[in-house]
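> Residue-level listing of the chains:
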Amino acid sequence: LAKTTQPISMDSYEGQEVNITCSHNNIATNDYITWYQQFPSQGPRFIIQGYKTKVTNEVASLFIPADRKSSTLSLPRVSLSDTAVYYCLVGDWGYSTLTFGKGTMLLVSP
Amino acid sequence: EAGVAQSPRYKIIEKRQSVAFWCNPISGHATLYWYQQILGQGPKLLIQFQNNGVVDDSQLPKDRFSAERLKGVDSTLKIQPAKLEDSAVYLCASSPGANTQYFGPGTRLTVL
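As you go down the protein sequences, you meet chains A and B in turn. Be aware that the first sequence starts at 0, since it is given in my numbering, and climbs by one per residue. Be aware that the second sequence starts at 50, since it is given in my numbering, and climbs by one per residue.
Excised from the complex, chain A in its bound form:
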């Protein structure tokens, strides 16, 4: 299983763009990159998933360089409600086991 490394915490202000980078140096050919968001007292929530280049949805963008050894979750114009823990996971397409790390605690201030 590919191991991921991400910052323990990040601080931002409302209205700013936040970029959270995740390293996954030993990602396998069949692995996809998935990001989850978790608020206190709730289960993680799927944000975005990608394999290469760039993926965008209504919530975030995911940038993946050609070597796929890292990925960056981009949250445009964050608000206070984006304060949460963000997890980066890698795993192959299918039913493989995903391993959660400690995630990145994002704190958005007024």
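Everything labelled a hint here was simulated from the structure, so no lab data went into it. The beta-carbon is built from N, C-alpha and C at its ideal position, and this holds for glycine as well. Do not take every clue at face value.
As the list claims (entries may be wrong) - Derived DEER-like restraints, expressed as beta-carbon distance ranges:
| id | chain 1 | residue 1 | chain 2 | residue 2 | range |
| --- | --- | --- | --- | --- | --- |
| 1 | B | 88 | A | 10 | 13 to 23 Å |
| 2 | B | 120 | A | 44 | 25 to 35 Å |
| 3 | A | 18 | B | 127 | 37 to 47 Å |
| 4 | B | 113 | A | 57 | 38 to 48 Å |
Mind docking chain B on chain A? Use the hints.
Below, chain B alone, put in the same frame as chain A:
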């Protein structure tokens, strides 16, 4: 679409007692997961079911934890007997595949 349901939401027991958690996945999701999340850490997979068969239970403490998914729908996770270090949130998730998991609200267990 209804989400993943879990009950109870909170449970307080004394050590050496038994406890059971219930999960109802999203309709049609073949894969079901149980995770343990200790405060300040990411979720740790305990067991993964594909329909009613076990795919991965390598991190399940089998001397005290057990889980079943009869008929490939609902699932129950049991701890018997509980230890202090079992205090955590127990999360159930289901998936239609492709690594997109949908999590329930969790059950917060406190062992005294």
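> All hints are to be evaluated individually against the structure, with a verdict given for each.
Evaluation of the provided hints:
Checked against the given bound of 13 to 23 Å, the beta carbons of residue 88 of chain B and residue 10 of chain A, roughly 21 Å apart, stay inside it. At roughly 28 Å, the beta carbons of residue 120 of chain B and residue 44 of chain A sit within the given window of 25 to 35 Å. As the Cβ distance of residue 18 of chain A to residue 127 of chain B is approximately 43 Å, the hint placing it in 37 to 47 Å holds. Between residue 113 of chain B and residue 57 of chain A the CB atoms are about 43 Å apart, so this pair conforms to the stated range of 38 to 48 Å.
Hint check: no violations occur; every hint is consistent with the structure.
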